[in-house]
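Number of protein chains: 2
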Amino acid sequence: MNILFFLTPKASCSYLRADDSMRQALERMEASGYAALPILAKDGSYCGTLTEGDLLWAIKNLCTMDIRATEDHGIMEIGHRRDNRPVRVDTNMEDLLTTAMDQNFVPVVDDRNTFIGIITRKAIMQYFMKHYIALEAEAARA
Amino acid sequence: MNILFFLTPKASCSYLRADDSMRQALERMEASGYAALPILAKDGSYCGTLTEGDLLWAIKNLCTMDIRATEDHGIMEIGHRRDNRPVRVDTNMEDLLTTAMDQNFVPVVDDRNTFIGIITRKAIMQYFMKHYIALEAEAARA
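Protein chains in written order, with the working numbering: chain A, 5 to 146; chain B, 5 to 146.
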């Protein structure tokens, strides 16, 4: 299987330039709606990834923000772009996979909506990877 | 297959409280190292997800930061917590899966390190999901 099967080509990707300022990155990232963007050099080579978190911690640590002002606002007041959709503990595998498709983790709740934990995409992918390797080994033997 | 197989139980999760202030959330999130955390109400029910991006855009839009100061800093000057590891276009499926395990997208480069696109975890999971459904259907027929 060729990995190009899965490719989103450059023409369909959002990305940043290595010489962008933080302000340009803030604006492009807010407009793109993505939580992380690849950074490209002028010659088109890949040189890293910038996340919303990188900008957040840089702004916090460069002291360009008034940290005390954040004490007056609760986290339920501000917008949540991606409230992860929870699944019930008795949901089936197919629903879990569909939900995990669009979010990094899936909160799991019981029948009274009590939070009992999360399922990460990593845990799911680890399972499928083992499965894939086993299938490949079988195909090689046949 | 039971979805509990994949569960990270609450005791091993980082999470926020619904009555946390933005400042508390900033501090917990920076310490946890995660890009998003579930939010729980006092009664233990799940009530949403807060991301680094939610905090970033709230800080930007509440005007508690000096946006002009961000013009003087380039994005390569600030720290990148999670520079996504790229793969070469001729890599094999197993390496792709291993790389995708820990990052939301995998940058793909050619043999001169030129960026040609990305592979998202979503694209990989969609493929495995189709595969899983086909296997289930086969098992049901047998």
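Treat the hints as calculated values from the structure; they're not laboratory data. Careful: at least some of the hints might be erroneous.
Repeated chains share a single entry, so a pair holds when one copy, or any two copies, can fit it.
In silico lysine-lysine, BS3-like type, Cα no more than 27 Å apart, as pairs [claimed, not checked]:
#1 LYS134 with LYS64
#2 LYS46 with LYS14
#3 LYS64 with LYS126
#4 LYS134 with LYS14
#5 LYS134 with LYS46
#6 LYS14 with LYS126
Here is what the structure says about each hint:
no.: 1; hint: LYS134 with LYS64; verdict: neither (41 Å within a copy, 43 Å between copies)
no.: 2; hint: LYS46 with LYS14; verdict: within (14 Å within a copy, 45 Å between copies)
no.: 3; hint: LYS64 with LYS126; verdict: neither (29 Å within a copy, 31 Å between copies)
no.: 4; hint: LYS134 with LYS14; verdict: between (30 Å within a copy, 26 Å between copies)
no.: 5; hint: LYS134 with LYS46; verdict: neither (39 Å within a copy, 39 Å between copies)
no.: 6; hint: LYS14 with LYS126; verdict: both (25 Å within a copy, 17 Å between copies)
Hints 1, 3 and 5, counting from the list given before, are not met by this structure.
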